[in-house]
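Novice: Sequence lines, in order, name chains A and B.
The first sequence begins at 0 in numbering that gives the first Met the number 0 and counts up by one.
The second sequence begins at 0 in numbering that gives the first Met the number 0 and counts up by one.
Rather than coming from a laboratory, the hints here were simulated on the basis of the structure.
Any given hint could turn out to be false.
Cβ-to-Cβ under 10 Å is the rule here; a few derived chain B residues that face chain A [stated by the list, open to error]: (1) Gln291; (2) Val479; (3) Glu495.
Computed, partial: chain A to chain B, Cβ under 8 Å [to be verified]: (4) Phe64; (5) Arg73; (6) Ile127; (7) Asp128; (8) Asp131; (9) Arg176; (10) Leu178; (11) Val180; (12) Ala184; (13) Arg205.
Keep in mind that this is a model prediction, so the values were computed, not measured.
Note that beta-carbon positions come from the ideal geometry of N, C-alpha and C, so glycine has one too.
Residue-level listing of the chains:
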Amino acid sequence: MTTPSPAISTRDLTKRYGGTTAVDGLTFEVPSGVIYGFLGPNGAGKTTTMRMLAGLVEPTNGDGFVAGTHCTERRRLVDHIGLLPEEPPLYGELTAREQLQFAADLRDIPWEQVQERALGLAESLDLIDDLDRRVDGFSKGMKQKTAFVQAVQHDPDVVFLDEPTSGLDPRAARTLRELIVELAAADTTVFLSTHILPVVEEIADRVGVLYDGSLVSEGSPAELTAAAGGDGEANLEDAFLELTDEPAVAWG
Amino acid sequence: MTHTLSRSTLRDAWTLTRTELRTYVRHVTGETRQLVGVGFMVLAFGILFPLTFIGSAVAFGEALATGPVPLGAAGVAFVVVLSVASYVGAAGGLNQERVGQIGPLVRTSIPPLAVSLGRFANRSLQALAIFVPATLVMLGGVAVGAGGLGAPLLVAVAVVPLFAVGLVGGRIVGDILRYANERLQVSLWIKAVLTIGLMVVIFVGTQLLLNSQYEGGGAYGTVISGSVLPGQPLQAFASVVFTPLGADVRPLGLVVAGTTLVAIPIGLVVAMRLETRMLVRDLGSDAAGATQSHGVPHLFEVVPSARVAWRYLLRTRRDPRMLAHLSPLLFGAMGMAGSVVQDPGIALSLGPAAAVIAGAVLAGGAYGLNPLGDDRDQLPLLLTSTPSVGIVLRGRMIAGIVLGLVVAVGIGAPLGLVEHSPAYVLGQSVLAVFLATVSTGIAVGLGAVVPKFERREYMSVERAHPSQWAMMGFFFGGLVVGAIGFVLLWATLSGESILVVALGWLTYVAVLGLAAGGGYRYAVSRMDAFTLDDV
């Protein structure tokens, strides 16, 4: 019996900008079909890591593999990934439907092939009635919903989500969390970067905490919170604060 | 909200001026290309261009020192100063960079009047970087001619208020145009048509005016030439300034001088009030509320890149500002319109060729000169969705060809049929298709050499516009290449030596084909290797 290859793996992944090290020798693995919560304070290197793994920036050192493809091989990488960056990459002059069709065109996937899934997601996110409105008239939350559908409508192996609930109202945020769980249940690996710790605590299978470019802790939310509070009442937020205050803490 | 001028407002304005200037200097010095560009601008327009008139400046100085004061020449020089300052002022008023970002800031922290003043001062100081050296060069010439510093000092005394009044006057005009543009509740296309119409009316009107003066038009021309065009009021103004050199003061000159001095502060107040009002008002969105989604027409369904092309065309239909960078092409067309005014026959003789060349330049210039640069915000989508950005580049090229052919064939062919044979029109149309196609390949290659990602205001549109050098090179290059094509077409149809004509076409097609193919391949390889680190 062979061990299934991880959906994401990095080895000594490093990114430097001049004299500044944004990501410092990151080594971790994300098994297939899990939700991986990627946490860290502002400027810790989360977005840079995500960009490297998605092929948007090149590592200075080290390697990153997504679905078995090296992160610098963008030509092959795109077949496996979906990305929702912090700023939704949408064209304001298009309607949401046209935007989704355009994204399918870019991948050379017939709209008919992804339509059912895309419209189903839009229905779940209460976006269906606004699909024929121009994106530049959308609120931040509606843009976020459109960009989420765009990122996952082609059923990628790995989806990178950077602050996906940003700008969403509580109901939409909950729906999105449920959709993320459904994605993972359907064997899509979700790499989730967010500051909203309760979300990670609720849905993530594993959590990595990045501090100053280095991975200072990794484990399940339960493992992290258990190690943080001796009295058993600590939560992920306590663990996060402790880790990012004293990065030398080691988890077993 | 009060807009009173207090000491603290002035201090805030000065702080903003310094900050914006510092930001600008850092931006320029931080990138070699920017530094070279600005250095070239200052060298070309601040020193070299004025040097071409240095002989006139020396002669003017000699005349001031030896004979009766040359009021005619002074009037012309002052008209130039006033025109340049007005242009700079109008451009500053019309192109208010980053107003959208500054709006919320001024509502919560800095007094709006300070912002208006600060930005005006910043823009004016930037203009002085070219105007001051240019003026010093000319004043140097006057000093050499006059053999002393008295005459150039008097010229400087005259130039300063004229420059100032031109600057604030132009600023008001620019502000009013910007205000009208923002308040007009019509579609963006109607605004575009109105803007073009206004520019054509101004340009052609000026041509007619000049025509009437220089070619001895009727009574209207006589009236105009006697009062405005040769700078008559400014000649009178010169008579006041050069009184120490023996000029006889004309009463009109006193009026002009007085009006000028009064107009500067009043104009400044008016301009600042206008800009302050515009800073703090609520702007409506240009986005249409309800829209209908449009599927891809059958014609564009053949290949994925054609579907991408359709999206670019659709976006342009909804927002013509995507083509704002093509306005220099419009200025070129207005030059043609001016010639047509003087000689209407040109419309039929040169019109078809002009349409073909304009269409070809439009094909490449529309979407090709800044490939992916103007998609900056969507790069995370484009770079993670396609194995190669070639599909996007080809989409841009196809969209450009469609637009270009509307002009090159859609206008060029019917115009051609009026004066030329069907064979000529057929040849012209084939040439149009070829030029439009190669134009797109060359454009994306050129655009890939100098991609521009930073947003800037141009013609009141804030986008990542293509590099100015790429645009100018492409536009003028297109003119030359198009003209060569028409010479070959003429040679072909007029029965010149078959060997020479065939060799000519072979070279022409091969060179342009290679340039286009090479440009496309270069753009694909450059953009495929592109990462967000390059932005």
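Novice: With reference to the structure, classify each hint as holding or not holding.
Specialist: Structure-based check of each hint:
Given hint, Gln291 of chain B at the interface with chain A, holds; its Cβ is 6 Å from that chain's nearest Cβ, closer than 10 Å. For Val479 of chain B, the shortest C-beta to C-beta distance to chain A is roughly 34 Å, which exceeds 10 Å, and the interface hint is violated. Checking Glu495 of chain B against chain A: minimum C-beta separation of about 47 Å lies over 10 Å; hint violated. Look at Phe64 of chain A: its Cβ only gets to about 16 Å from chain B, farther than 8 Å, so that hint breaks.
Checking Arg73 of chain A against chain B by beta carbon gives a least distance of about 7 Å; that is within 8 Å, so the hint holds. For Ile127 of chain A, the shortest C-beta to C-beta distance to chain B is roughly 13 Å, which exceeds 8 Å, and the interface hint is violated. A distance limit of 8 Å between C-beta atoms decides the matter here; for Asp128 of chain A the minimum to chain B is near 11 Å, and the interface restraint is violated. Interface hint at Asp131 of chain A: satisfied, since its Cβ lies 5 Å from the closest Cβ of chain B, which is below the 8 Å cut-off.
The interface hint given for Arg176 of chain A is violated, since its Cβ lies 22 Å from the closest Cβ of chain B, which is over the 8 Å cut-off. Restraint check, Leu178 of chain A versus chain B: the minimum CB separation of about 19 Å is more than 8 Å; hint violated. About 23 Å separates the beta-carbon of Val180 of chain A from the nearest beta-carbon of chain B, more than 8 Å, and the hint is not met. The interface hint given for Ala184 of chain A is violated, since its Cβ lies 24 Å from the closest Cβ of chain B, which is over the 8 Å cut-off.
The closest approach between the C-beta of Arg205 of chain A and any C-beta of chain B is roughly 23 Å, which is over the 8 Å cut-off, so the hint fails.
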